[in-house]
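Undergrad: Could you put together the complete structure from these sequences and hints?
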Amino acid sequence: MAALPFELAPAIAALPFVSFLIALLVGAFAPRLLPKGGAIPGILATAGSLVLSVWAAVAVWNHPDGMYHDSITWVAGVGDAAFDLQFGILLDPLSTMMLVIVSLVAVLVHVFSLGYMNDEGETGLPRYYAGLGLFTASMLSFVFASNLLMAFMFFELVGLCSWLLIGFWFREPGPPSAAKKAFLVTRFGDYFFLVGVVGVFATFGTTAFVGSESFPILADQVLAGEGASVTTFLGLDPQAWFSVLGLLILGGVIGKSAQFPLHTWLPDAMEGPTPVSALIHAATMVAAGVYLVARIYGFYALLPQVMALIALVGGFTALFAATMGVVKREIKQVLAYSTISQYGYMMLGLGAGGYVAATFHLMTHAFFKALLFLGAGSVIIAMHHNENMWDMGGLKEKMPVTYYAFLSGSLALAGIVPFSGFWSKDEVLYEALVHGLESPILLAAYAMGLLAVFFTGFYTFRMVFLTFHGKPRTDTARDPHAVGWNVKVPLVVLGTLAAVAGLVNMVPVAEVTGIHLEFLHDWLDAGPEALTAHHYADLIPYASGEIGSPLLTVLLSAGVSLGLALSGAGAAWLLYDVPEPIRHTDRLGRVKTVLFNNYYQDEFQVWLANGVTLPLARVADKFDQGVIDGVVNGVSSVSLFSGGRIKRIQTGVVSNYAFLLTMGLVVLLVFIGVTGGWF
Amino acid sequence: MAYQLPGWAALAPTLTFVAAALVLFLIDSIDPDSENRALLAGTATVGSLVAAGFAAWFLIAGTGEEPFTLYADSLVVDSMSLFFAFVFASVTAMVVVASYDYMRDHSYQGEYYALVMLAATGMTLMPAANSLAVVFISLELASLPSYALVAILKKNRGSVEAGLKYFLIGALSSSILAYGISLVYGVSGTLLLPEIASAVEIEGLTGVLGIGVLMILGGFAFKTASVPFHFWAPEAYEGAPAPISAFLSSASKAAGFAVAFRVFTVAFPVEAYVATIDWVLAVQILAVVTMTLGNFAAATQDTVKRMLAYSSVGHAGYALIALASLTGTGSDQFVLGGGMAHLLVYGFMNTGAFLFVALAEYWSVGRTFEDYNGLAKQAPFACAAMTLFMFNLAGLPVGAGFMSKYFLFAGAVGAGFWWLTAVGAINSALSLYYYSRVVKAMWIEEPTQEFAIESKPVGLYAAIAAAAVVTVLLLPGFGPVWAFAQDAAAALV
Amino acid sequence: MTNQDRGSLLPGLAAVALFGVLAVVFVRASFGDPAGGFAGSEGVTASIGYAMFNIAHPDAIPSEGFLVAFLLIAVVLDAALDGAVLLARRDEGGEITTALRSDAAETDTTEERVATDGGTVDADSDDTQEGHN
Amino acid sequence: MVPIEYYLLLSAAVFCIGVFGILTRKNALLFLMSVELLLNAANINLVAFSRFHGNLTGQTFSLFTLALAAAEVAIGIGIILVLYRNFADVDVTKATTMRW
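Protein chains in written order, with numbering that gives the first Met the number 0: chain G, 0 to 678; chain V, 0 to 492; chain L, 0 to 132; chain X, 0 to 99.
No lab work stands behind these hints: they were computed from the structure. Hints are not guaranteed to be accurate.
Claimed, not checked - In the DSBU-like style, the derived pairs of lysine-lysine whose C-alpha atoms are separated by at most 35 angstroms in a straight line are:
#1 G:Lys35 <-> V:Lys376
#2 X:Lys93 <-> V:Lys154
#3 V:Lys455 <-> G:Lys35
#4 V:Lys154 <-> V:Lys376
#5 G:Lys487 <-> G:Lys397
#6 V:Lys439 <-> G:Lys35
#7 V:Lys439 <-> G:Lys621
Stated by the list, open to error - Some chain X residues close to chain G (C-beta under 8 angstroms, calculated; not the full set):
#8 Val1
#9 Val91
#10 Thr95
#11 Met97
Ideal Cβ positions, reconstructed from N, Cα and C, are used throughout, including at glycine.
TA: Next comes the structure, spelled out in C-alpha cells:
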C-alpha cells in the first residue's frame, strides 16, 4: 500500500483532463453554464494538480526509496518475441520537480488568460480552455510516464494540443499555416523517435526507465560486458547500435525542443495566443525534449559520440538563435528566438555532462521565460495587440508592475547576477568548460555558448529599452490600455521566482565560501540509485580539466560570462536607451554617420554593435529565413511536386494500366529471376 | 457431456453469409419490387452480425487452436481464418447498416445486399482455403460480386467507369493468378498448400516454379491493391458508392492479405525459397513502391474520396511489411501478428473514413477538400469521428491505429528489416499532411457554401459511431487483439 | 461501334517481352520423366466425377477432392448471374424492360435522378455544385 | 509422347497472345475474348501437367476454370452494356473521367 500522495498521483493528470472534458462538453451543449468560458474549472484543476504535485514531491523526499513506481500491463506479450507494454507512473525527484513546474506555470497561465482572453472579448473560449486542459493533462502524463512508449504517446498528444492552440485564431491566415508547420516539423522529428522506440523495444525487450530491467541499466551491463546480451541490428556492435538508437530518439528531442535545424516552427508558433506561447512554447512543451534526454540520461551517458553531438547542436543553436534575436522587430519574435537559444544551453549542458546544470536551467528558464511571455502579453494588451517594438517606448511609467516584473525576467535571461538565470547558465557553461578543457569538441560548443551570452544580453536589453524606455513612439503607446489584477498577479509571482529561484543551487558561492548551498544537486541525488546525479556523473565519458585551481576555474567561468552579458547589455544601453532610438539595422551602410552624430562617446562598442553584431545577426537571420526555412518548405514542396508527377501515371486509360501492370510483372520476373539465377 | 458440434459447423461464419444471401434472394424473388428497405438491410445486418458473433465465439472458445481440416483437406479452419472472418463480418455489418441510408432511393436493393453477402462469403473462405483451387475460386467469389457492386449506379458515369476498370484489371490479374497456379501445379503435381511445400522439387525447375510463385503473388497484389497491380484502386474506390468503397478497401483488401499470408507461409516457406526464388525480396520491393506511390499520390489529390483511395493503397504497403519481413525464424510470428492486428484495426478506421464520405455524399456536400470547409459546425459529431479516423490512419496515438502500426513496425525491426520501418515511418510523416488537410477543412476553414443538411441519417451515423467507438476502444483493449493476432499468426508459422 | 478498334501496337511489346521471359525459362527447364499415363482402371470421366464429389473409389485415377470447389462454383455462378442481370436490366419509369436488348444506342429518357453519388459527374450534367474534377 | 515443354511453350504463346490483345485492342468485347485466351492458356498447362503427373487434379481444376471464365464473361457483358449506355461506345479507352 503506497502512501496517499502516491495513490493520488494519477489525479495530477486526471484533474486537467476533467477540466478539458468540462470545457468541451459543457461548452458544446450549454455554454452559458460554463463560468468564464471554462477558465474557472481549468484554474481549479491545475491548482489541484499543483497541490498534489507538491505533495508528491514532499513524499518522494521522505520516501526511503526516493521514488514511487507503479504500472499496469496494457498489452501482454505473446509468443516467442514477447514483450509487455505497460502504463506506469514514475515519481522521482526529477519528475516531481517537473510536475511542480508544469502545474505551477499552468495555473498562472490560466489566471493570466482571464485577462488576455476573457477580458478582451475573445470568442471560442471553451475551445481555448479545453485545449489548455488537454495540453496540461498530456504534459503532466508525459512527465510522470514510466517508460519510453508511454512517453512517446503523450509526446505526440502535446504536439496535437500545440497544433490546436496555435491555430486558435483560425480565421486569420497566419495561425493555421503556422499550426500546420509546427505540427509537421515536430512530427518529422517524432517519426525518428518512433523508430527509436521500436528499436529500443526490439533491442532490449523493454522501454522502462527504472528498475533492474530498464533499458539504460541493460545497456550499461551490455557495454560493461556483463549480463544478458541483446539483439543488435545492421551488424553493428552494441556501442554503435545504441548510438543509432540514441540518435533516433534525439530526432524527436530536436524537433520538440526546437533545436537546429528543426527549430523553424517555433518562431511561427508565435501566431498563437500569448498565454499559449508562455505555457507551451516556452515553459513546458518545448522542455519535453530536454526533459526526455534528462529522463534517460543513464542511456545517453553511455554514448560519448552522441553526447558530443548533443553538446554541439546545443551550443550552435544557442549562438545561432541568439544572433537572430538581435534583428527582430516583434517582441514575441525576440522571445521565440531567445527560447530556442536557451534550450540550446540546456542541450549544451546535457551534452557536456552537466545533468544537474541543465535541469537547473530548465527550471529557472521555465519561470523567467513564462514571465517574459506573460509580460509581453501584458504589453500586447496595453498596445491593443500591436507587437511591433518600434511602435512602443516609454511604457515604464504607464505600467510599472509589468515593467519591473519584465525587468526581473530580463535580468535573469541575460544572466546578470544574482537573478536566477545567472546561476543556471553559469553552471551550464562551467560544466562545458571543465569538460571541454579535455575535449576539443566540447570546447567548441562551449565557445559558441559563451559567445551567445553577449548576444543574449544585447537582444534582451534592446527589447527592454525599446519597449519600456525612451519616449512613446505612437499614440497607442502614449495611452495604453490598462491591465487588470489577473494579469498582474501571475507577473508578480513569476517575477519573484525569476529573481530568487537561482538561489537553490549557487555553485560559485558554494565554491568560494565552502558553505553547502547546492540544494538542487541534493534533491536530484535523492532518488533511486540508477537515477541519481552522481550515478550519471560516474557514467559521464568525459574527463575534467581546470584552469589553475578549481576555485579559479569557477570564478573565471562566472566572471567571463557575467562580463559578456554585461557588455551585451551595455551595448544595448548605449544604442537603444535614448529618447529616439534609431533602427540601426537599417543603417548599416551609414556607419560613419551614426558614429559621428550620435555615439562618438564609445566608438568601440558601437563598432562592435554595428560592425560585427548586426551584420552577423543579419547573416544568421538570412540563413535561417532563406536556407533552413527554405529546406523545410522545400522538402514538402518536393514531396508534393513528385507526388504530382507520380500520380500522372494514373492516366485514366485502362489499357495503359494493363500495360504498366504487365511491364511491372515482367520487370519483377526478370529481377527476381536474375537474383535467383533462373536464367 | 459436452455436445460435440460436427466439423462443418466450424464454417458457421461462411454458412451464415450464404444463408443470408439465399434469404435475400428469396425475399427478392417473392417481391421483386420490394421497397421494404428495412427488411432487406435488416436481413443483411443480422446475417453479418451473426457471422461476426460466430467468429468471435469460436475465437474465444478456442475452436481454432487445433486446426480443422475439412473436405479432403481443401479447407482449414484455424484461429487465423476465424480472426479474419471476424474482420470481414464486422466490416460487412458496418457497410450494410450504412447502406440502409445511402441506397435509400435506389432500385435493386435486394440484389445489392445479396451481392454484398456473397462477396463476404468469398472473403471468409479465402483465409480458410487450403488448396489453390479453393483459393482461386473463393477469390473469384469475392471479386465477381464486387465488380457488379462498383458499377451498380448504372446511370452514373463514374460508377460505370470504375466498374469497367476494376473488372478489366481484375480479369487480367485473375488470369495471371490462374496461370501461376497452373505452373505451380506443374512443378509440384498437387494443389494442396502443405503438399506443395513438401512435394516441390526445385532441381531444374526453379524458373518455372518461380514464375508461378510470382504470378500468384501478382494475383494477390491485385486483391490488396499493391503497386503495380493497384491501378484499378483509385478509380474503383472513387467511383463506387462510398459504402462499397469502404467494403473493398477494408474487407476485400484484408482478404487478399489473409490469403497471401496463408499461401506464402504454408506453401512457399521462406527458408526453402530464399536462395532461389526470393519472393520476400519481391514483396519488399512491392511494399516500398506501394507505400511511397500511395502516399505521394494521395498528398496531391483535390478530392477527399480519391485521397482516401490512394491512402488505402499506401496502407496496403504498410500491411505488405508483414509479408516482407518474414525470415523463417522466430520473429515471423510477431510480425505476421502485427500485420493481422493492423488489418483488424484498419478495417474499422478505414471503413469509418469512407462511411463519412458516404455521409457527405448523402448530404451532397461535394467532393473536394474545400467543399468540406466548416462542415464541423453543422455536424460536429460526425466530423469528430472523421477527425479520429484521420488521426488514426496517420498513426497518432488517439486510437488503436497507432498501436497496430507500432507493433507492425516493431515486428519488422525485430526481424532485422529496420529500413522497411524507416520507409514506413517517412511515409507516415507525409500521410499526416493530407489527413490533416481534411481535419483542417472541417474544423478550421470558414464554410464556402451553404450546407443543405436536413437530416441526420440513422444508419450512417450508427455505422460511423460504431467504427469510431471500436477504433478508440481498441486502444486500451489492444491486449486481447494482440493475443488473438498472435494466435492467428502462430497457426501459420 | 468503335471506329478504330486497334490501338497502338507499341504496348504489345510488353506481351512480347513477357513471352520472351516465359520462353527462356520454359525451354531451359528440365522436367523429369512423365508418370506415363494414368493409374487406375476407371475412365477419366468417371474419375473426374468421383473427384468432384470427394468419393473415394478404389479404382479411380488419383485426384484431390473438389467438393468444396464444386459447391463454391455453384455460388459463384449464382452471384455472376445475379450481377449480370442486375447490370443488364433496363428500367424505364419503374418498368423493367427486356434485358440484353440490342438497340443499345438508346438515349436515356428517364428524368429520374441518380439517387446516390458515386463517381465524378460527367462534364455536361447540370450538376453545377460539383465542378471540380 | 509429346514432351511437356512443348505444351508449356504453347500455353505461353496463347497467354502472351491474350496479353497482346488486351494491350492493343480498345474494344471491350475483344478484351473479354483475350481474357478467355489467358484462362485457356492456364487450362492447357493444367491438362498437360495432369497427364504428366498421372493424377486428375489438374484436369478437374481446369473444368472449374472454364466455369469461372463463363461467370466472368457474364459479369463482363453486364458491365459492357452499362458502359455502352453511358458512353455510347464500347471503347475501353473512352471512359477516362477519373484520373490522376
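Undergrad: Against this structure, judge whether each hint is valid.
TA: These are the hints, each one checked on the structure:
{"no.": "1", "hint": "G:Lys35 <-> V:Lys376", "verdict": "22 angstroms, holds"}
{"no.": "2", "hint": "X:Lys93 <-> V:Lys154", "verdict": "16 angstroms, holds"}
{"no.": "3", "hint": "V:Lys455 <-> G:Lys35", "verdict": "32 angstroms, holds"}
{"no.": "4", "hint": "V:Lys154 <-> V:Lys376", "verdict": "33 angstroms, holds"}
{"no.": "5", "hint": "G:Lys487 <-> G:Lys397", "verdict": "14 angstroms, holds"}
{"no.": "6", "hint": "V:Lys439 <-> G:Lys35", "verdict": "27 angstroms, holds"}
{"no.": "7", "hint": "V:Lys439 <-> G:Lys621", "verdict": "31 angstroms, holds"}
{"no.": "8", "hint": "Val1", "verdict": "24 angstroms, violated"}
{"no.": "9", "hint": "Val91", "verdict": "5 angstroms, holds"}
{"no.": "10", "hint": "Thr95", "verdict": "4 angstroms, holds"}
{"no.": "11", "hint": "Met97", "verdict": "6 angstroms, holds"}
This entry does not satisfy hint 8, going by the numbered hints stated previously; all others are met.
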